[in-house]
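Asker: Protein sequences appear in the order of chains A and B.
Numbering-wise, the first sequence is residues 109 to 357 according to this note's numbering.
Numbering-wise, the second sequence is residues 51 to 452 according to this note's numbering.
Take the hints with a grain of salt, since some may be wrong.
Listed below are the simulated SDA-like cross-link pairs for lysine to any residue, each with C-alpha atoms no more than 25 angstroms apart in a straight line [to be verified]:
#1 B:K83 <-> A:S248
#2 A:K291 <-> B:K244
#3 A:K287 <-> B:P65
#4 A:K126 <-> B:N202
#5 A:K287 <-> B:E335
#6 A:K336 <-> B:M62
#7 B:K244 <-> B:H111
#8 A:K287 <-> B:Y71
#9 A:K332 <-> B:N340
#10 A:K124 <-> B:F262
#11 B:K341 <-> A:E273
#12 B:K362 <-> B:K301
#13 A:K332 <-> B:A344
#14 B:K83 <-> A:L136
#15 A:K307 <-> B:D138
#16 B:K351 <-> A:N138
#17 A:K336 <-> B:N340
#18 A:K164 <-> A:Y231
#19 B:K180 <-> B:K301
No lab work stands behind these hints: they were computed from the structure.
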Amino acid sequence: MKILVCVSNVPDTTTKIKLSGDMHSVDLANVQWIINPWDELALTRALELKEASEGKIEKVTVMLVGAKSAEPTMRKALAIGADDAVRVDAEPLDAYFVAGQIAGAIKDENYDLVFCGIESSDYNGSAMGSMLSEFMNIPSVSSVSKVEMDDDQIVVNREIAGGFEVVVPELPFVAIVQKGITKEPRIPSMRGIMMARKKPLKVVEASGLEALTEFVKYEPPQPKAACKMIDADNVAELVDLLHNEAKII
Amino acid sequence: MFIFAPTKNNNMPYPYNPPDYFQIDELLSEEHKIVRSAIRDWVNRSVVPVIDQAAHEHKFHERFIKELGELGAFGPFIPTEYGGAGMDHIAYGVIMTELERGDSAIRSTASVHTSLVMYPIFTFGSEEQKRKYLPGLASGDLIGCFGLTEPNQGSDPGGMEAKIKDMGGHYLLNGAKMWITNSSIADIAVVWAKDENGIVRGMVVEKEWTGFSAPETHNKWSLRASVTGELVFDDVKVPKENVFPEIKGLKGPLMCLNSARYGIAWGAIGAAMDCYNTALQYSLERKQFNKPIAAFQLQQKKLAEIVTEITKAQLLAWRLGKLKNEGKATPAQISMAKCNNVEMALNVARESRQILGAMGITGDFPIMRHMMNLESVITYEGTHDIHLLITGSDITGIHAFE
């Protein structure tokens, strides 16, 4: 059995995002890059499954669509414990593009289980996993909060309103995972970091697929307007302002 | 939308964004940066949530040893065949910086374990000694300490009173060591003592041996989250195979100290960056006279001087790391870097504390804890004054302390 974990290279979650003057790009100077946190949890769970599988899971591969500058993030994934890595050499333009590139790159690889984070912490698209399953023509399960291996089956919990449902999908399938999938992401050890140096990181050319969306510009949220304080006893004035000034009642 | 917010942590009032004013990151390799992020993640997860309380309660969390072992933070430059990671000295430095950002006590534990215990066993030990002790030390299954300083001998270790006597089949060790990090929790101690000819010899002494005791030193106002104590040897039988075979004289312990001092030169930067990060963000948030205190010239002067000093220390440490990787770092260069960077960190802690006003003395912020720790760091592994005299001796050719 082989597991694929799709990872994104995203700015550290504590980064203060600055936009360029024309609102067309993000200033990426001094940004620290990390593995998308949901993908990191997925990778950790994949490795836990492999270690507990007594050899049934032979390989965990990480996959990323991105430029060469994203390779440190892949190297970290290898340091955490992935066996090998594949990078599709292209800027990740939108979810459709990324899903299509991944599907193209792995079509002959026969992965039994594909992990995707429920979204990436940069653009919060939440679309790639489902699109990937469509491209691959295999099932997907979203909002997965638990993955267990039971003999040759993979049993997943899928979060639904007020609880969860237990699903045993036919392999191969795409598991779109959220927090809870494992306790916390695994920290690479120093030996893991040194071993990652020798693990294979394959680069494949992008296919001719094009993005479906066109980026226009960024727009920051409007600054908060000044707050008007009204005396708690003066309900009439509050109603008047809500009715005549804010025009919401 | 799902927000992946970092876990709220009461002991981390602000996200940790250390300065990199001169793009020193570009001088680090991809691996160094992964090392940094790994150790930083561990410190955020394991140290920051408990360290303030641990320091208050004068408590060392022994789980740190096992976790640091699993991470590979012990002996990162020791070859893999002995349990290390086979990394370079800049990686070791980066680890020390990140650990000391958490607390000097944690860095001290790792420094002693790595530079004063694993390093001498690796460098001076017989093959049997290496195989017997290094893998356990690397994994954290064994805890090590280092005995050089004595009640009557600090800056002048050549006058040590600890002695070994050749009894034919073994040596008999007598004496006492003081200010020993990890003493009462250590499984083994690397001990330096004079033989009957007055020559300093090094040896590995095991905790269980009769006549060896290690009482803890209480009442510290510094490094409260680590263990400090004494080592007392009363007719301890040391098998001959536990003595380092070749190294003789003070050169042995001084080589260990060079390795430890190198790590401290890097480590102190971590404490300084934590103080600066706190002071900068507090000064932007705290308002007086209707504006953030960061808008006042006197605060800006403090912040500007702090970031300048940190930047200089980073460059010094990085260059020293390159020299050490090339086998060219001299003891005098290491002394200069330890001396400068620790004094820098202490000054940064004091200035940062001022920026926080009264809030700076509380455990809600890490500054006061770092400041108290650094009072030890500026004294151990060669006092500040002794390091200045080493530089003085190096540039004038005149030894002022002999």
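Asker: If a hint holds in the structure, say so; if it doesn't, say that too.
Answerer: Results of checking the hints against the structure:
1. Pair hint K83 of chain B plus S248 of chain A does not hold up; C-alpha atoms about 35 angstroms apart against a cutoff of 25 angstroms.
2. Taking the CA atoms of K291 of chain A and K244 of chain B, the gap is near 52 angstroms; set against the 25 angstroms cutoff, the hint is violated.
3. Of the pairs offered as hints, the one joining K287 of chain A and P65 of chain B holds, with about 21 angstroms between alpha carbons and a cut-off of 25 angstroms not exceeded.
4. Between the alpha carbons of K126 of chain A and N202 of chain B the distance comes to roughly 59 angstroms, so the proposed pair goes past 25 angstroms and is violated.
5. About 32 angstroms separates the Cα atoms of K287 of chain A and E335 of chain B, which puts this hinted pair outside 25 angstroms; it is violated.
6. With a CA separation close to 34 angstroms, the supplied pair K336 of chain A and M62 of chain B exceeds the 25 angstroms bound.
7. The hinted pair formed by K244 of chain B and H111 of chain B fails the criterion: a straight-line CA distance of about 35 angstroms is larger than 25 angstroms.
8. In summary, the hint linking K287 of chain A to Y71 of chain B is not supported, as the alpha carbons are separated by about 35 angstroms, beyond the 25 angstroms threshold.
9. Proposed proximity of K332 of chain A and N340 of chain B is supported: the alpha carbons are some 19 angstroms apart, at most 25 angstroms.
10. Our distance criterion of 25 angstroms between C-alpha atoms is broken by K124 of chain A and F262 of chain B, whose separation comes to about 55 angstroms.
11. The suggested pairing of K341 of chain B with E273 of chain A is violated, with an alpha-carbon distance near 54 angstroms, which exceeds 25 angstroms.
12. At roughly 30 angstroms between alpha-carbon atoms, K362 of chain B and K301 of chain B are farther apart than 25 angstroms, so this suggested pair is violated.
13. For the hint linking K332 of chain A to A344 of chain B, the alpha-carbon distance of about 23 angstroms falls within 25 angstroms, and the restraint holds.
14. With a C-alpha separation of about 17 angstroms, the suggested pairing of K83 of chain B with L136 of chain A holds against the 25 angstroms cut-off.
15. Proposed proximity of K307 of chain A and D138 of chain B is supported: the alpha carbons are some 19 angstroms apart, at most 25 angstroms.
16. Of the pairs offered as hints, the one joining K351 of chain B and N138 of chain A holds, with about 24 angstroms between alpha carbons and a cut-off of 25 angstroms not exceeded.
17. This hinted pair checks out: K336 of chain A and N340 of chain B have alpha carbons roughly 20 angstroms apart, not beyond 25 angstroms.
18. Only pairs whose Cα atoms come within 25 angstroms are accepted, and K164 of chain A paired with Y231 of chain A is rejected, the gap being roughly 36 angstroms.
19. Annotation: proposed proximity of K180 of chain B to K301 of chain B holds, straight-line Cα distance about 20 angstroms (limit 25 angstroms).
Hint violations for this structure: numbers 1, 2, 4, 5, 6, 7, 8, 10, 11, 12 and 18, all remaining hints satisfied.
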